[in-house]
Amino acid sequence: MELNDKITLSLPCKAEYVSVARLTASGIAYRMGFDIDTVEDIKVAVSEVCSRLINVSRNNSGEYEIFYEINDNKLKVTFSSKIERAGCIFEDDEEGLGVAIIKAFMDEVEFCPDNKDYILSMTKYIEEKS
Amino acid sequence: MSGELIVRAECSEKNAEIFVSGEIDIYNAQQFKEKIYQAVENSKGDVSIDCSGLNYLDSTGLGVFVGALKKAKQDDRNIHIVNIKDNIKKLFVITGLDKLFIIH
Numbered sequence: 428m429e430l431n432d433k434i435t436l437s438l439p440c441k442a443e444y445v446s447v448a449r450l451t452a453s454g455i456a457y458r459m460g461f462d463i464d465t466v467e468d469i470k471v472a473v474s475e476v477c478s479r480l481i482n483v484s485r486n487n488s489g490e491y492e493i494f495y496e497i498n499d500n501k502l503k504v505t506f507s508s509k510i511e512r513a514g515c516i517f518e519d520d521e522e523g524l525g526v527a528i529i530k531a532f533m534d535e536v537e538f539c540p541d542n543k544d545y546i547l548s549m550t551k552y553i554e555e556k557s
Numbered sequence: 154m155s156g157e158l159i160v161r162a163e164c165s166e167k168n169a170e171i172f173v174s175g176e177i178d179i180y181n182a183q184q185f186k187e188k189i190y191q192a193v194e195n196s197k198g199d200v201s202i203d204c205s206g207l208n209y210l211d212s213t214g215l216g217v218f219v220g221a222l223k224k225a226k227q228d229d230r231n232i233h234i235v236n237i238k239d240n241i242k243k244l245f246v247i248t249g250l251d252k253l254f255i256i257h
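Residue numbers (the numbering used here), protein chains in the order written: chain E, 428 to 557; chain H, 154 to 257.
Hints listed in this document are in silico derivations from the structure and should not be mistaken for laboratory results.
With a straight-line cut-off of 27 Å between C-alpha atoms, the simulated DSSO-like cross-links for lysine-lysine are:
hint: 1; chain 1: H; residue 1: K197; chain 2: H; residue 2: K224
hint: 2; chain 1: H; residue 1: K243; chain 2: E; residue 2: K501
hint: 3; chain 1: E; residue 1: K501; chain 2: E; residue 2: K530
hint: 4; chain 1: E; residue 1: K530; chain 2: H; residue 2: K242
hint: 5; chain 1: E; residue 1: K503; chain 2: E; residue 2: K530
hint: 6; chain 1: H; residue 1: K224; chain 2: H; residue 2: K242
hint: 7; chain 1: H; residue 1: K188; chain 2: H; residue 2: K226
hint: 8; chain 1: H; residue 1: K238; chain 2: H; residue 2: K224
hint: 9; chain 1: E; residue 1: K530; chain 2: E; residue 2: K509
hint: 10; chain 1: E; residue 1: K441; chain 2: E; residue 2: K543
hint: 11; chain 1: H; residue 1: K226; chain 2: H; residue 2: K252
hint: 12; chain 1: H; residue 1: K252; chain 2: H; residue 2: K186
hint: 13; chain 1: H; residue 1: K243; chain 2: E; residue 2: K530
hint: 14; chain 1: E; residue 1: K441; chain 2: H; residue 2: K188
hint: 15; chain 1: H; residue 1: K186; chain 2: E; residue 2: K441
hint: 16; chain 1: E; residue 1: K433; chain 2: E; residue 2: K503
hint: 17; chain 1: H; residue 1: K243; chain 2: E; residue 2: K503
hint: 18; chain 1: H; residue 1: K186; chain 2: H; residue 2: K242
hint: 19; chain 1: H; residue 1: K238; chain 2: E; residue 2: K530
hint: 20; chain 1: E; residue 1: K530; chain 2: H; residue 2: K223
hint: 21; chain 1: H; residue 1: K226; chain 2: H; residue 2: K238
hint: 22; chain 1: H; residue 1: K252; chain 2: H; residue 2: K238
hint: 23; chain 1: H; residue 1: K242; chain 2: E; residue 2: K503
hint: 24; chain 1: E; residue 1: K543; chain 2: E; residue 2: K509
hint: 25; chain 1: H; residue 1: K242; chain 2: H; residue 2: K226
hint: 26; chain 1: H; residue 1: K188; chain 2: H; residue 2: K242
hint: 27; chain 1: H; residue 1: K243; chain 2: H; residue 2: K224
hint: 28; chain 1: E; residue 1: K530; chain 2: H; residue 2: K252
Label pairs and their calculated CB-CB ranges:
hint: 29; chain 1: H; residue 1: D239; chain 2: E; residue 2: E555; range: 21 to 31 Å
hint: 30; chain 1: E; residue 1: I434; chain 2: H; residue 2: K223; range: 33 to 43 Å
hint: 31; chain 1: E; residue 1: D541; chain 2: H; residue 2: E157; range: 39 to 49 Å
Keep in mind that this is a model prediction, so the values were computed, not measured.
Just so you know, even glycine gets a beta-carbon here, dropped at the ideal spot from N, CA and C.
Modelling step: build the complete structure from the supplied sequences, incorporating the hints.
Written out as structure tokens, the structure is:
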């Protein structure tokens, strides 16, 4: 049967909990069998999005969700939030360091989806071992 | 906890050496910024940042490094990054910042 597990993490928009997001991301990525370098890449990419969300949230209020979809060949990470300014969170920072890092570390990234149910999704494929 | 940020600075009139360990992210980047900016101000020479204990860095921390470099460059001084781990160095390379800092 094809693997299709889902894990959801809900966090307050506060800087002190971004490390929790990283721990969860690395735990899931490690469990999926990504090598240690890729686990670190995924951690950083997730943290970049969390940090950006916290920066755009007013008074650090509100929450955001990180939704992990675990398949046989890939990990898809989706972010959603109802905070007022969520929208397209990298809209005015396309040339920024955060965007460069996310694009380098993840295989696919959807920055400003038309679907307003989420604000960003990114995917990392598991490399086939030869 | 291995994530806790510890920043220790040894400054002389000639140069400054900063030792960083732990993780730098949005939560503690301000703490790192205050220490590194102070070291740049207190030194007349180049600043060396020993990153042998640095386990995590992202764009928030990179921004602090860049800000410190700008301060140093005002007086024609450099920032040297030493003993950097491969996963941290990768961030400098991806963002092109490896061309601005002197990485040993």
